[in-house]
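Chain order of the listed sequences is B and G.
Its first residue numbered 1, the first sequence is counted upward by one per residue in the numbering used here.
Its first residue numbered 1, the second sequence is counted upward by one per residue in the numbering used here.
Honestly, the hints are just simulated from the structure, not real lab data.
As the structure is a computational prediction, the values presented were derived from the model and not from experiment.
There could be a bad hint or two in this list.
[Said to hold, decoys possible] Here are some of the chain G residues that sit facing chain B, going by a computed Cβ distance under 7 Å:
no.	residue
1	I15
2	M257
3	P260
[Claimed, not checked] Which residues of chain G face chain B? A few of them, derived with a C-beta cut under 8 Å, are:
no.	residue
4	F173
5	A294
6	L359
7	R360
8	L363
9	L439
Beta carbons are placed, not taken as given, at the ideal position from N, Cα and C, and that holds for glycine.
Number of protein chains: 2
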Amino acid sequence: MSPRAPENFEEHLSIEELRETWSLLSEEDRVLGFKMAPYEDAEDFFLSLPAREQAELVASLPPGERRGWMRLLPPDDAADLLQESPPRIREDLLGLLDDATRKEVIALMAYAEDQAGGLMDPRFARVRPDMSVDEAISYLRRQVREYVGTLRYVYVLDEQQRLLGVVPFREVFSAPSATRVRDVMRTDVISVTENMDQEAVSRLFQQHSLNAIPVIDAEGRMKGIVTVDDIVDVVQEEATEDIQKIGGMQALDQPYMSSPILEMIRKRGGWLLVLFLGEMLTATAMAYFEEEIARAVVLTLFIPLIISSGGNSGSQASTLVIRAMALGEVGLRDWLRVMRRELVAGFALGSMLGAIGFLRIILWQAVTPLYGPHYMRIAFTVAASLLGVVMFGTLAGSLLPFALRRLKLDPASASAPFVATLVDVTGLVIYFSVAIALLSGTLL
Amino acid sequence: MSPRAPENFEEHLSIEELRETWSLLSEEDRVLGFKMAPYEDAEDFFLSLPAREQAELVASLPPGERRGWMRLLPPDDAADLLQESPPRIREDLLGLLDDATRKEVIALMAYAEDQAGGLMDPRFARVRPDMSVDEAISYLRRQVREYVGTLRYVYVLDEQQRLLGVVPFREVFSAPSATRVRDVMRTDVISVTENMDQEAVSRLFQQHSLNAIPVIDAEGRMKGIVTVDDIVDVVQEEATEDIQKIGGMQALDQPYMSSPILEMIRKRGGWLLVLFLGEMLTATAMAYFEEEIARAVVLTLFIPLIISSGGNSGSQASTLVIRAMALGEVGLRDWLRVMRRELVAGFALGSMLGAIGFLRIILWQAVTPLYGPHYMRIAFTVAASLLGVVMFGTLAGSLLPFALRRLKLDPASASAPFVATLVDVTGLVIYFSVAIALLSGTLL
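Go ahead and model the full structure; you've got the sequences and the hints to work with.
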């Protein structure tokens with residue numbers, strides 16, 4: 001069925017060694033190591049690879065050795081592999097599949113990868129409503145090839161393939177032999193449409209603690225099932241994307257180590273540039289207050305402290321809200337309640353930092369009189385600015401994800417660095433305004 | 001079996017309405033809404049709630065109405081509910097279970113929640129190796145109560161309950177009637193120990209694309225199975241914890257909206273305080289350069305721009321590495337390869353920002369001569385500092401997670417704000433050192 005290691009090749013790489021070193025190997029060494037592994041292990045290993053790496057591996061094998069590996073895959077995984085393969089060999093690879101699977105794969109490839117249709121397995125256990133339980137069981141025993149995936153639910157379809165109901169397999173299995181399927185099936189089935197987004201599908205899985213969800217087309221015909229094991233990957237993928245956006249960059253398409261370095265620089269550079277241009281406004285703001293700075297250089301000492309405190313509290317708030325939105329815990333309509341919570345939190349946190357900043361200046365002054373005769377006023381200025389900046393940061397950080405969501409943009413773009421930049425500029429204005437108010441006639 | 005709405009109560013809340021409004025309802029209203037829902041829907045809804053909310057709901061019901069709900073739960077979920085219940089009613093709730101389940105639940109409660117033992121379901125399909133396939137199937141049909149969960153795999157145990165092998169259920173189902181189980185079982189089973197950490201368990205699921213993994217005790221006896229649907233929750237939970245740490249706070253134990261506000265303030269305040277104390281070093285660093293600042297106030301204009309660029313590039317790098325570590329894509333041994341990648345990226349990104357900063361000053365000066373006669377030197381100073389700060393930020397951000405991991409701390413603690421604080425202090429030192437080197441004799 002597929003390539004084995006030459007008989008005289010004594011030294012086998014164990015599959016664990018192969019797995020360990022895989023990411024470090026060149027394409028050639030991967031093929032070599034893969035061919036050296038005992039066949040059963042290689043099969044398991046192949047099935048556990050992500051689609052992209054399966055595609056690379058198959059593309060590196062001589063054309064004569066590809067068929068066995070292609071036929072090992074269930075239709076949804078074969079479709080993923082094809083989508084990751086270079087276009088010039090796609091036709092050839094499709095030709096290696098048996099006729100039935102090829103048709104299913106072509107149908108699946110029409111769906112976007114991140115939609116229910118792209119995730120689904122077109123093979124599932126189906127029975128007719130008027131079968132008896134005994135008939136259903138022996139029918140299912142004969143039809144095993146039809147449900148490569150899971151045997152968790154049995155779906156009851158009419159002649160037009162419309163979904164009538166569902167029975168957990170264990171209920172079919174344990175019901176008295178003569179019972180009709182119709183009498184044990186449940187009719188209030190949770191299903192999804194082919195083009196439902198994968199994030200919405202994964203929320204449905206979690207809300208209802210399901211193991212599989214049927215996919216229905218516009219005419220009500222059942223096309224396949226999405227199973228919970230596909231959802232684990234979706235959840236990881238979406239979390240990774242969000243985390244990378246929160247870290248202030250465009251999400252990478254590939255694992256960190258295998259991302260081409262130029263692409264990575266481009267995806268990081270884009271955001272960094274936007275942030276840099278935004279941050280240039282700080283120089284403009286400072287220039288505006290240059291006269292005050294020249295008169296009271298001591299004020300500049302606290303600039304990084306004050307603006308970073310605003311940035312940090314803002315990044316906490318935005319991260320919390322972004323994640324709560326992604327998990328469906330917080331929706332658009334909750335903005336007022338979130339704002340109220342964050343006002344309280346911002347006031348408490350700002351007061352704390354303000355008090356500490358105040359004490360710090362008073363105490364330092366007692367040791368080395370660095371801040372001059374007006375140190376008390378300076379301490380008040382710093383404390384009041386900290387309170388203002390932290391409250392502003394907290395509010396901006398928590399409300400920005402709502403604004404982005406409202407504009408149909410991804411809330412995760414309200415990343416820590418983005419919020420920090422916004423708060424840096426505002427923080428400077430707050431600080432110098434407070435300074436002018438409190439220090440006029442003395443230092444300024 | 002359980003409380004229904006009073007017969008004369010006409011207005012039913014639909015279960016979707018209940019789900020929608022749940023997080024907004026008081027405890028009393030929750031109980032009321034729950035009781036008003038049609039029983040079948042209420043059952044589904046109850047099963048889909050997180051353990052903590054199940055516990056709250058059961059605790060709010062009158063003691064006479066609790067039994068039905070407790071008995072609805074499989075042992076692993078009942079154990080989770082009990083762990084979330086107030087200690088004073090735990091004994092009572094345990095007493096409501098049937099004897100067999102109570103024993104299983106007590107055994108499960110001995111495990112930590114985040115270990116394989118705490119995740120596992122003690123009920124699974126088990127057969128003896130010498131049964132024929134037909135015997136196995138009719139045995140399984142009679143024993144359905146024994147595997148509430150999944151019927152994906154059938155486990156083959158000896159008389160001491162030691163695991164001999166496993167057969168995918170569909171293979172038992174499709175094999176010829178007289179075949180012995182022993183002859184179709186696979187013996188190279190991937191299993192976990194009771195105290196394996198849930199993150200390691202979830203990686204195993206993803207590496208091997210499994211749907212269930214058996215849990216084995218120190219004597220090799222099989223205790224239960226962990227199924228992939230439990231892993232979805234684990235993956236979400238771990239991602240949420242990491243995201244919150246990356247945002248610069250201690251991870252919350254509860255969803256954002258239901259976290260008590262004092263606890264939330266405490267968890268955010270702790271980190272904010274640490275960052276604030278760290279950031280105070282910026283004031284110290286600035287005081288050290290106060291003389292230079294007084295002589296060349298123009299230098300202060302670029303302080304926020306320069307230090308934030310370092311912080312932003314550092315936060316990108318640390319986020320990427322933290323996530324790659326969590327997904328197992330990058331291990332401790334990869335630090336040198338990561339460092340090489342980040343040196344390249346940092347140099348490219350730093351040169352880009354440096355060039356833009358340089359142009360910005362030259363162009364601005366052409367419009368309004370803000371920066372004085374030495375603007376060219378100032379432009380060079382800013383550009384060189386940007387390159388240095390971005391490279392330092394990128395390196396610090398990418399290597400800090402390795403250092404934390406090496407010290408057996410959580411790499412996710414190298415959050416964006418943490419890296420930014422570190423880079424702010426260093427950034428100031430870099431900036432003023434470059435300034436002294438390039439501007440001595442002219443501005444300084």
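TODO: Output the numbers, in ascending order, of every earlier hint that fails for this structure.
DONE: Those not satisfied are hints 1, 3, 6, 8, 9.
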